[in-house]
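Trainee: Produce the entire structure from the sequences given, and follow the hints as far as they go.
2 protein chains.
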Amino acid sequence: MFESVTTFIDDNLDNSIEALKKLVRIPTVAAKGEGLSEAADLVEKMLQDAGLETKQHEITGGAPVVTGWKDVGAKRTLLFYDHYDVQPAEPFDLWDSPPFEPEIRNGRLWGRGVADNKGDATSRIWALKAFKETRTNLPVNIKFVLEGEEEIGSLHLPEYIEKNKDFLKADGGIWEFGGADINGIQEAWLGLKGVFFVELEVVRLSRDVHSSMACTLPSAAYRLVWALNSLKNMDSKITIDGFYDGIKPLTEVELKALEKIDLNEEKLKKEFAIDEYLNGLTGQALKEAYYGEPTCNICGITTGYQGKGSMTVLPARATVKIDFRLVEGMHPDDIHKKLRKHLDSLGFTDVKVIYFEGYPAAKTPVDHPFVKIVNAANKRTHGHDLVVHPTSPGSGPLYLFNEYVPMVSVGCSDFLGKAHSPNESISLENFRKAQHRIVTIMDEMSRW
Amino acid sequence: MFESVTTFIDDNLDNSIEALKKLVRIPTVAAKGEGLSEAADLVEKMLQDAGLETKQHEITGGAPVVTGWKDVGAKRTLLFYDHYDVQPAEPFDLWDSPPFEPEIRNGRLWGRGVADNKGDATSRIWALKAFKETRTNLPVNIKFVLEGEEEIGSLHLPEYIEKNKDFLKADGGIWEFGGADINGIQEAWLGLKGVFFVELEVVRLSRDVHSSMACTLPSAAYRLVWALNSLKNMDSKITIDGFYDGIKPLTEVELKALEKIDLNEEKLKKEFAIDEYLNGLTGQALKEAYYGEPTCNICGITTGYQGKGSMTVLPARATVKIDFRLVEGMHPDDIHKKLRKHLDSLGFTDVKVIYFEGYPAAKTPVDHPFVKIVNAANKRTHGHDLVVHPTSPGSGPLYLFNEYVPMVSVGCSDFLGKAHSPNESISLENFRKAQHRIVTIMDEMSRW
Numbered sequence: 001m002f003e004s005v006t007t008f009i010d011d012n013l014d015n016s017i018e019a020l021k022k023l024v025r026i027p028t029v030a031a032k033g034e035g036l037s038e039a040a041d042l043v044e045k046m047l048q049d050a051g052l053e054t055k056q057h058e059i060t061g062g063a064p065v066v067t068g069w070k071d072v073g074a075k076r077t078l079l080f081y082d083h084y085d086v087q088p089a090e091p092f093d094l095w096d097s098p099p100f101e102p103e104i105r106n107g108r109l110w111g112r113g114v115a116d117n118k119g120d121a122t123s124r125i126w127a128l129k130a131f132k133e134t135r136t137n138l139p140v141n142i143k144f145v146l147e148g149e150e151e152i153g154s155l156h157l158p159e160y161i162e163k164n165k166d167f168l169k170a171d172g173g174i175w176e177f178g179g180a181d182i183n184g185i186q187e188a189w190l191g192l193k194g195v196f197f198v199e200l201e202v203v204r205l206s207r208d209v210h211s212s213m214a215c216t217l218p219s220a221a222y223r224l225v226w227a228l229n230s231l232k233n234m235d236s237k238i239t240i241d242g243f244y245d246g247i248k249p250l251t252e253v254e255l256k257a258l259e260k261i262d263l264n265e266e267k268l269k270k271e272f273a274i275d276e277y278l279n280g281l282t283g284q285a286l287k288e289a290y291y292g293e294p295t296c297n298i299c300g301i302t303t304g305y306q307g308k309g310s311m312t313v314l315p316a317r318a319t320v321k322i323d324f325r326l327v328e329g330m331h332p333d334d335i336h337k338k339l340r341k342h343l344d345s346l347g348f349t350d351v352k353v354i355y356f357e358g359y360p361a362a363k364t365p366v367d368h369p370f371v372k373i374v375n376a377a378n379k380r381t382h383g384h385d386l387v388v389h390p391t392s393p394g395s396g397p398l399y400l401f402n403e404y405v406p407m408v409s410v411g412c413s414d415f416l417g418k419a420h421s422p423n424e425s426i427s428l429e430n431f432r433k434a435q436h437r438i439v440t441i442m443d444e445m446s447r448w
Numbered sequence: 001m002f003e004s005v006t007t008f009i010d011d012n013l014d015n016s017i018e019a020l021k022k023l024v025r026i027p028t029v030a031a032k033g034e035g036l037s038e039a040a041d042l043v044e045k046m047l048q049d050a051g052l053e054t055k056q057h058e059i060t061g062g063a064p065v066v067t068g069w070k071d072v073g074a075k076r077t078l079l080f081y082d083h084y085d086v087q088p089a090e091p092f093d094l095w096d097s098p099p100f101e102p103e104i105r106n107g108r109l110w111g112r113g114v115a116d117n118k119g120d121a122t123s124r125i126w127a128l129k130a131f132k133e134t135r136t137n138l139p140v141n142i143k144f145v146l147e148g149e150e151e152i153g154s155l156h157l158p159e160y161i162e163k164n165k166d167f168l169k170a171d172g173g174i175w176e177f178g179g180a181d182i183n184g185i186q187e188a189w190l191g192l193k194g195v196f197f198v199e200l201e202v203v204r205l206s207r208d209v210h211s212s213m214a215c216t217l218p219s220a221a222y223r224l225v226w227a228l229n230s231l232k233n234m235d236s237k238i239t240i241d242g243f244y245d246g247i248k249p250l251t252e253v254e255l256k257a258l259e260k261i262d263l264n265e266e267k268l269k270k271e272f273a274i275d276e277y278l279n280g281l282t283g284q285a286l287k288e289a290y291y292g293e294p295t296c297n298i299c300g301i302t303t304g305y306q307g308k309g310s311m312t313v314l315p316a317r318a319t320v321k322i323d324f325r326l327v328e329g330m331h332p333d334d335i336h337k338k339l340r341k342h343l344d345s346l347g348f349t350d351v352k353v354i355y356f357e358g359y360p361a362a363k364t365p366v367d368h369p370f371v372k373i374v375n376a377a378n379k380r381t382h383g384h385d386l387v388v389h390p391t392s393p394g395s396g397p398l399y400l401f402n403e404y405v406p407m408v409s410v411g412c413s414d415f416l417g418k419a420h421s422p423n424e425s426i427s428l429e430n431f432r433k434a435q436h437r438i439v440t441i442m443d444e445m446s447r448w
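Protein sequences appear in the order of chains A and B. 337 is the number that the working numbering gives to position 337 of the first sequence; each next residue is one higher, with no gaps. 63 is the number that the working numbering gives to position 63 of the second sequence; each next residue is one higher, with no gaps.
Hints were generated in silico from the structure; no laboratory data involved. Each statement offered as a hint is correct.
Cβ-Cβ distance ranges computed for the label pairs, FRET-style: (1) Thr349/B x Lys308/A: 21 to 29 Å; (2) Asn279/A x Thr60/B: 46 to 54 Å; (3) Ile274/A x Ile354/B: 17 to 25 Å; (4) Leu346/A x Asp262/B: 33 to 41 Å; (5) Ile354/A x Gln284/B: 39 to 47 Å; (6) Ser345/B x Asn279/A: 15 to 23 Å.
Simulated pairs of lysine-lysine, DSS-like, Cα-Cα distance not exceeding 25 Å: (7) Lys269/B x Lys352/A; (8) Lys22/B x Lys132/B; (9) Lys45/A x Lys165/A; (10) Lys260/A x Lys379/A; (11) Lys379/B x Lys433/B; (12) Lys433/B x Lys22/B; (13) Lys308/B x Lys352/A; (14) Lys308/A x Lys32/B; (15) Lys352/B x Lys269/A; (16) Lys75/A x Lys55/A; (17) Lys32/A x Lys21/A; (18) Lys418/A x Lys308/B; (19) Lys237/A x Lys352/A; (20) Lys169/B x Lys55/B; (21) Lys132/B x Lys70/B; (22) Lys21/B x Lys433/B; (23) Lys45/A x Lys21/A; (24) Lys308/B x Lys308/A; (25) Lys169/A x Lys55/A; (26) Lys75/A x Lys165/A; (27) Lys132/A x Lys75/A; (28) Lys379/B x Lys75/B; (29) Lys352/B x Lys308/A; (30) Lys270/B x Lys352/A; (31) Lys337/A x Lys352/A; (32) Lys55/B x Lys21/B; (33) Lys270/A x Lys352/B; (34) Lys256/B x Lys267/B; (35) Lys308/B x Lys32/A.
Glycine included, C-beta positions come from ideal geometry on N, C-alpha and C.
Mentor: The structure is reproduced here in structure tokens:
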């Protein structure tokens with residue numbers, strides 16, 4: 001079945017890697033607004049080369065949404081959601097090779113975005129290209145949505161979605177990321193947490209002053225520390241009034257699904273060099289935190305002197321970047337209000353809350369037929385059942401799609417991928433097999 | 001009296017400014033170990049040009065201590081303590097002109113170190129040079145101690161002092177810094193607080209990870225926030241057990257001296273853009289905090305992503321630079337032990353304390369005869385009594401000298417000087433008059 005297609009994939013692996021490298025070389029850091037329209041042009045060209053019709057949707061003040069489609073009159077339609085933007089590559093000095101000069105070493109491709117999610121996007125486009133080049137009929141209709149602001153909270157995607165709801169209608173969708181766990185077992189993620197990303201800013205003086213003045217002048221840095229301390233206690237319980245209100249707990253079906261999941265506790269403890277997980281969590285409690293808990297996380301703090309040695313300064317300004325991960329039943333606008341109220345009630349009226357991005361969580365049901373199809377395909381290409389996660393602990397704008405199409409996240413990354421960190425990479429073998437799996441999912445879908 | 005000397009000073013003001021500029025151009029940031037031996041050579045040459053015998057005391061692993069002296073067989077001896085190192089100039093982008101390219105604008109000289117304390121050092125050396133060039137006999141014997149590590153806690157000065165106690169013996173000494181207050185009134189500082197500078201470091205993971213993992217992995221950044229929160233409460237009371245033990249309160253004489261001091265509360269509130277001082281302090285209570293209280297101040301925090309926009313990362317590492325100002329009765333070694341014990345007792349055994357520098361406080365008595373001499377000289381050159389501060393809220397290694405020589409801090413800086421901050425500057429008129437005052441102090445001393 002489609003042997004000419006999979007043979008083309010294997011014979012052209014080097015070409016698909018070259019195509020991916022070309023995309024990785026564009027430093028599409030959405031947080032900095034760099035390289036986005038150039039990358040949009042390139043992915044549109046890649047979709048066209050794979051035989052799809054395309055359109056670039058210009059978004060005011062945002063990166064274009066690129067769509068591609070091919071209607072072959074099939075019964076079923078498969079949709080892909082990917083993004084061509086990446087996380088900032090800082091800190092640069094921790095990379096073994098430059099983040100935007102992709103390099104192959106030890107059977108892996110290294111570079112910012114290869115795992116999240118340019119590798120996936122390219123693998124999916126090249127699976128379609130293999131059909132085109134081998135003149136094989138597509139067994140399902142295809143739709144592609146590629147955006148350029150996923151890493152900054154898909155700020156303008158709702159605008160596109162609002163105008164193009166019909167395009168989203170499909171029988172199943174493959175979400176941007178995914179891959180193998182620490183044991184090489186393929187995983188599928190059925191949901192995503194929401195996110196609420198803010199910067200808190202405190203300015204208490206007209207300028208930095210000599211630190212001897214700390215006996216009489218206010219400290220922006222300490223104000224920020226006290227404010228941060230008030231948000232989360234040492235048990236990592238978030239102490240904003242009403243923060244946990246309305247949360248939908250994991251269902252019985254989901255809790256049952258968790259039992260089948262091995263979080264590889266011991267192996268990962270070694271990998272992260274930790275003696276124990278947060279609050280000493282283990283087993284089912286660890287899983288429930290992983291899949292079911294919201295977070296309040298410091299992504300970065302900036303204040304005062306950060307150079308070598310000592311500098312005795314009282315900083316006038318202090319800022320912190322915080323991401324809150326939200327679970328079902330929470331909404332960023334509500335958390336925004338509660339955060340402001342919390343700060344004000346404690347007298348932190350001097351702490352400014354700057355809104356960066358936010359959207360709610362969403363999930364595809366564990367027992368949806370499309371999940372079974374993806375699992376069947378995986379069994380054929382990888383030889384084993386998928387480990388099915390009811391949700392990822394990470395975030396994405398799944399809530400925008402979920403109403404129109406059930407989505408499953410499988411991809412070509414793996415545990416060593418280091419998404420969002422220095423030395424991001426993918427295994428080239430995973431990249432190859434991910435292309436095979438897409439072909440097989442299409443085959444399985446055509447018989448649905 | 002010494003009119004030819006003061007005339008020389010006025011006629012050669014441009015030359016003394018050029019000499020100062022030359023010294024400022026060497027970026028002697030002790031925290032980075034830059035330019036120190038070059039600057040030591042230059043100040044030695046300046047002392048020689050002023051007619052002094054000199055010596056560079058090589059210090060293992062430290063910047064040289066440069067001494068100069070001239071014994072004219074006078075009854076009294078005057079000692080100067082200065083330093084040729086400066087604070088880091090960061091953040092560079094807040095400077096209106098490059099910190100190490102001194103520039104004259106609006107009657108002021110701008111550059112890192114002009115106010116703290118290369119301007120003072122140069123003004124003192126040029127006062128002596130004026131005697132030499134006009135072939136005027138010095139009325140007192142002169143001693144100079146110039147070090148290159150004041151801004152990193154005079155790490156190696158004790159080593160020099162231990163070996164050269166005899167050199168320190170003098171009837172009076174002029175300490176490195178000083179100047180005019182916000183109203184242009186000259187101030188004298190009779191003491192210095194001690195300092196204890198540390199870096200706290202928390203490492204909780206082998207590497208930065210995707211922030212979605214914050215639901216199960218520990219946060220170095222939050223550990224640091226909680227640790228910092230435990231050191232000082234929102235009333236700025238330091239909560240380390242025993243921190244305030246043994247503190248010598250301000251004496252009756254000192255409290256009486258405070259009454260004469262105008263802290264220019266309202267003017268400075270405007271300058272610093274604050275509604276009120278720390279904890280709403282005013283009047284005598286504000287003064288007692290300023291002169292009599294120790295501090296725990298955050299000089300800088302470093303953790304995670306600090307670039308533009310959002311990056312969702314869980315940082316593996318977090319550090320903070322803290323300076324504690326110490327008052328009489330406290331010792332850095334004791335505070336070091338108490339800090340460690342405090343952190344351990346709260347379970348912060350993961351917070352590493354890295355010792356940077358430390359020394360105790362010291363004071364010259366308010367009623368010492370040498371204070372009267374400096375005041376008399378100031379009255380002759382500046383036309384008014386000095387505002388006498390029993391101590392500065394800042395720090396310096398005065399404790400090393402105090403046993404051998406009473407020290408008074410007067411200098412050529414002023415309220416606009418911005419020591420330790422961007423856009424450091426001095427008034428050229430203050431620089432000129434400071435030279436006159438040195439000449440007059442020598443004259444007054446000769447009649448003591």
